[in-house]
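J.: One-letter residues, chain by chain:
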Amino acid sequence: MFNYFLRRFGQSLLVLIAMSCLVFLGVFAIGNPIDLLVNPQADEIERVRTTAALGLDRPLYEQYLTFLKGAASGDLGRSFVFGVPALELILSKMPATIELAFFAMVIAVAIGIPLGLVAGLRPDGLIGRGIMAFSIVGFSLPTFWVGLVLIMFFAVQLGWLPSNGRGETTLLFGMPVSFLSWDGLSHLLLPALNLALFKLSLLIRLTRAQVREAVLQDYVKFARAKGLSHGRVIGVHILKNIMIPIVTVIGLEFGSVIAFAIVTESIFAWPGTGKLLIDSINQLDRPVIVAYLMVIVTLFIAINFMVDLVYSLLDPRVRLGQSSGGGR
Amino acid sequence: MTLAHLHSVRKMRLMSFICLGFSILAITSSVAKTKAREVSIGLQAAITSMDPHYHNVGPNNSLVRHVFESLVHIDENQKLVPGLATSWKALDDLTWEFKLRKNVRFHDGSPFTAEDVAFSIKRAPNVPNSPSSFATFTRSIADVKIVDSHTVIVKTTSANVLLPSDLAVVRIISKNVGEKASTEDYNSGKAAIGTGPYKFQEYIPNQRVVLKANYGYWGGEEPWDVVTFKMLTNPAARVAALLSGDVQMIETVPTADIVKLSKDAKYSLVDKISNRVIYVHLNQSTEKSPPFVTAKDGKPLDKNPFRDLRVRKALSMAINRDAIVSRVMEGKAQSAGQLLPEIFFGTSKKLKPQKFDPDGAKRLLAEAGYPNGFQMTIHGPNNRYINDANIAQALAQMYTRIGLDIKVETMPSSVYFTRASKLEFGFMLLGWGTESGEQGSAMRSLLATHDTAKGMGVTNRGRYSNAEFDKVLSDALVTMDEKKREAMIIKAAEMVMADVGLIPLHYEFSTWATTKGLKYAARTDQYTLAIGLKPTK
Amino acid sequence: MLGLRPTSQPSAKMATYVQTPFGRFCREFAESRLALLGLAVLVGVMVVALAAPLLAPQNPYDLAQLDVLDGKLAPGEQSMGGKTYLLGTDDQGRDMLSGIFYGLRISLSVGVMSTLFALGLGLAFGMVAAYFGGWVDTIIMRIVDIQLSFPSILIALILLAVFGQGVDKVIIALVAVQWAYYARTVRAAALVERQKEYVEAAKVLALSKPRIVFRHMLPNCLPPLIVVATVQVAHAISLEATLSFLGLGMPITEPSLGLLISNGFTYLMSGKYWISFYPGLALLITIVAINLVADQLRDVLNPRLKK
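Residue numbers (the working numbering), protein chains in the order written: chain A, 1 to 328; chain B, 1 to 537; chain C, 1 to 307.
It should be emphasised that the hints constitute simulated quantities derived from the structure, not laboratory data.
There may be inaccurate statements among the hints.
To be verified - Below 20 Å or equal to it, Euclidean Cα-Cα: the simulated PhoX-like pairs (lysine-lysine) are: (1) K288/B - K422/B; (2) K519/B - K534/B; (3) K407/B - K209/C; (4) K209/C - K240/A; (5) K196/C - K209/C; (6) K79/B - K483/B.
Claimed, not checked - Which residues of chain C face chain B? A few of them, derived with a C-beta cut under 7 Å, are: (7) G71; (8) D91; (9) Q195; (10) V199; (11) A202; (12) M269.
Said to hold, decoys possible - Residues of chain C placed beyond 10 Å of chain A at every Cβ, according to the derived structure: (13) V43; (14) P75; (15) H216; (16) A234; (17) A241; (18) I261.
All of these numbers come straight from a predicted model, not from anything done at the bench.
Quick reminder that beta carbons are idealized off the backbone N, C-alpha and C, glycines included.
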C-alpha cells in the first residue's frame, strides 16, 4: 500500500514536470504577452523595460529553470497581469469553482443515477423512453447555448434567479461557500444546472446501460429466484455491481467538470478559476496558466488515486498494485 | 435579481441614516432597486489592480479615476480641464508651472500638497512588476521642483507640448501612504487613499470593485452612496445583467442588442464617437509578394502590389463604408477619412471618407497591372474591436466584387497581435485609440517611417514610408505654438491620406445603456465613470 | 425488443437462429421502430450533407454570393435582389438554410472523423495497457493521466492557437482531446475482463497475446465503449461549437453548425432567434438520430443481452 502510494506520487511528479514544460512551450508558441500587456501607445523603451521586468528577455529554457527552482519552494511565479503571486490568485478563486463543480456533480448524481436506474429497469416503458429522450437532448446542446437559454428564461423572462455572479458567501470550515444562504444559492442554481446537464445525461445513459446488463446476470436471476424483494435486488445487488464503472466515470468527470466550468463561468460571470484561466489565456498570463494547470493536475491525480481506492473496495478482484502496473 | 449582497444590506441600514435628506429623491427616481442611492455598473474588461500606477490600460485608468485624481482632468470631449491643478502654463520650452488646488484633503484627512505631486510623478514610472508602466507619460520630465506648498515647476528634457495631457493620466497619491505601500496594499485597500469623489471599499479581481461616497469631496457631493462595478467580460452576460436588473448601467452594448434596447422604454441608450479608428494596414515591407498575397493561381507576384498607390487607392474605394456602419455596426460608428474624428485636435475638415466606387476601383487595379485581380487573405482579430470578425468578412465580400480572390482568417488577439507585429500578414485589420486626442501622435505611431530608436512609426505594421510626410510631421511635433502646430499636423494628415498610407474604415462609437431614470454623460475616451452617471430627476 | 427482456421466451429467438449473422443483425435492429426512424433521419441528414451543393439555394462559403446589406433578414423576408430566404439570413447575409446544409457537412465529418480516430487510438492503447500490464501499462497510463489532467478545452485551445484554423486542425485537436478518455475506459473494462474465465481459458490454450486481446477481450469491452462513443460524437460536435464560440476552430467564412450557433448567440437576446435557433435544431435532430441508431446498435451487438 505504502509502496503503491510512493510510486504513484513519483509518477505524478513526472506528470507535473512534463506538463509545465508543455505549457511553457505552448504559451511561447501562441504569442508574446508583451504585445497584449503594454499599452499600444507606449514607446519602445517601455516595451523593452516590461520585457525585462517580466523576465521575458531571457531564453525560454532559462525562464523554465527559474520557474522550476521557484516551484520547488512553492513559488509558482507572479501573474504578469495582476502582479500578485499566481498561486495565491488561483487559490482565492478555487473555492468558487470547487463549489460550482461539486454542486453540479451532486445534481448530476442525484438526478442521473435514479433516472438511469428507472430507464434501465423499464427500457421499453414510456417513462424509460422519455428519460432517454431527455438525456439525448441534454448532451446534444452545447453548454454555452444552454447557458444563455437558461439566463434568457429564468433570469430575463421570469426574473426568478439572478443572471450572473456569485451571491453572498458564508464561511464553512474556513472555506467561503454560497449555498448556505438563499442569495448565494439562487446565484449558484443556474450555473450549476448548466454545468450538470451534460454529466447528468451521461450518467443516465451509463447507469441505464449498466443496469440493463446487470439484470441479465446470473446473480440477479439467482437473487430473484431466492425470492428477495424487488427493492433489495435493485438496492443491494444491482446498484452495488453497477457502481464500479459509474464511480470511475464520476471520478473522471469531476475533473472534466472543473475544466468545463470554463465555459459556464464565463457565461454566468462566475468568479472561479475557469474564468480566470480563459482571461489568462487571452492575456497570455503564463504564470497563472501554469499555476492553474499545476493545481488542477494535482487535484486530478488526487481524484484518480481516490477512484482507484474506491475501485478496489468495490471490486475485490481489482487489486491496487495491478492498476499501476504491478503485473500479476 | 437583487442587489442585496452582504455588505450592501448592512450598508443600506447605515445609509438610511446618512441620507435621510435624499430619501425623497431616491423614492421619486424610477431607478429599480436603488433605495440607498446605490448603483451597479457592468464593465466589459477586468480591472487588474487598484494601484493607479501599476498598469497603464484604459479600464484601470478609468476606474481609479473615482478614487484618485490628476493635476489635469479630461472632460467628456477629451478637452483638458483643471483637476488638482487650478491652472498651468509653459514658462518656456522646457518649463511648466502648475498652481495646485487649495483645501483638498485625502480620504484619510491629510491635506493635499505639492509634496504629493512630486512623489506621485516619481513613483508612477517605477512600480515593481508593472506590466505596462506610466513611464511613457513621465519620460520627458527631468525634474519636479516644489516652489511652495501649492505650486510646482516641471522641467522637461525636451520640448513636450503634450505634457499637460500626459499628466492627466498620472494619478496623484498621498506621499505619506505611498512611501510605504506596495501594489498589494492598494489592492487590499490599505493604501488606496486618494482625493477623489469615491473611497475604496472592496476589490476582488475578476469580480467586482465597490466604492463608497467621499462626502467631503472638494468638488461637491456625488449622487451615489455606494457604487459597485461588476466585471462582465462576456457581452451577452452583460446585457442579461442589465435586463434582469442586476446592474443599472452597462458599457459597450453589443451591437446586436442596440436596436432592441433602444426600442425598449425601460432602458435608455447613449453613445458618443470615440477616439478609436478601425483601419487597415497594408504590408509594404517586402519587395515582392507580401505574406498571404499571391496571383490568382497561387504563384508569388513579382512586385508588392501594396507599394502601388493605385492599388492602395482601389482597395479603399472598393469599401462600402456606409454599409459597414449601417449593417455591421448597427449605425454605432462613423465612416472615417483620417485617424481621428473632426472634433479632435489636428484633424482636417477637408478629409472626408473615401467614396464607395467599385468600378473606379476595378479601373485602378487594371491600370496598376492587375486587370484580373489577385488573391489575398484578410487577417483580423476576433475579440478585440467591436464586431471585428464581421468587419473582416464584410470587407472580403466587397473585395470579391472587384475581382479579388479573398480568404478571411480571424483569430484571438493573443495570437493575432504578436503575428501582426512580426509582419506575418499582408492585409491587416487593426484599430487605434488615440488617448492624447490629437492626430499628430496617432500619425507618429502608425504612419511615420518605422524607427524604434527615434520612437517613430513604432506601430507602423504596414511599414509605409514617405520621407516628405515624415519631415512635416516631425517638425510639427516639436512646434510649441498651438495654432502653428495644428496647421502642420493637418498638412501632414492631408498628405498621408492622399497617399493612402493606411485605409481608415470607421470610428467606433462607445455605447452605454442605463435603466430609465439614469443619464450618463457619454465620453469620447471610452471611460465609464460613476461620476458622469446621474439620476434624471 | 424481444431479446432485451430477460424473462422473454427463448423459443422465438431460436427459430431465426439459422440466418446469416448479418441478416440476423438487420432483423434485430429493425425490431425497434424508433431506431428505424432514427436511421431514416440520419440517412436523410447524411444525404443532405453530402448533396449540400446541389440542394442549397446558395453557396454560403462563396463570399461573392453574400451581401452584408441582406444581413439579418427574418425567415421569409425578401432580399434587395428579390430572393426569399426561407430561414432568414445571418449577419453577413448568408442564407441560413444553405448555411445549415453546408454546416451539417462540416459538423458531421468533424464529429465522426475525430471520434473514429480517437476511438481507434484509445482502443489500441487501452487494450495494450490492460493486457500487458507492467511498464507498458505504467507508461501508457501516465501519458493518459497527463492528457486527462489538461482541461480538454485548453489542449484544443493551445493546439488550435499553434496550428491555426481549419477542419483538419480541429479534427486533430479533438482526437488529441478524446483518445485518452477511451483508453482509460477500455482499460478499466479490460482489467475486469482479464480476470474472467474465458481469458484464462484462452491462455491455457496458448493462443497468441494479440489474438486474445483483439479477438476475445475486445468484443467484450465494446458495450461501454459504444455508449461512450455515441456520446462522444455528439460531444465532439458540441466541443467544436464551443471552440468556435471561444474564437478558435473553423474559419469564420466557412461556418460549421457550431459556428453558426455561436454567431447567432449574440443575437438571441435581441429577438433574432433564427440565426442561432435553426442551426441548433439541425444539430439536435442530427444528434438525436445518431443516438437512436447507436442505442439500438448497442443492444443488438451486446453479446450478453442475448443469450
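J.: Indicate, hint by hint, whether the structure satisfies it.
T.: How the hints compare with the structure:
1. K288/B - K422/B: holds, 17 Å
2. K519/B - K534/B: holds, 5 Å
3. K407/B - K209/C: Not satisfied, since the Cα-Cα distance of roughly 52 Å exceeds 20 Å.
4. K209/C - K240/A: At roughly 32 Å apart (the allowed maximum being 20 Å), K240/A and K209/C break the hint.
5. K196/C - K209/C: Status holds; Cα separation ~15 Å.
6. K79/B - K483/B: holds, 16 Å
7. G71: holds, 5 Å
8. D91: holds, 6 Å
9. Q195: violated, 49 Å
10. V199: violated, 50 Å
11. A202: violated, 52 Å
12. M269: holds, 6 Å
13. V43: At about 18 Å from chain A, V43/C clears the 10 Å cut-off, so the statement holds.
14. P75: holds, 19 Å
15. H216: Label holds. Min Cβ-Cβ 18 Å, cutoff 10 Å.
16. A234: For A234/C, whose nearest Cβ neighbour in chain A is about 5 Å away, the distance does not exceed 10 Å, so it is violated.
17. A241: violated, 4 Å
18. I261: Incorrect as stated: the minimum Cβ-Cβ distance to chain A is 6 Å, not above 10 Å.
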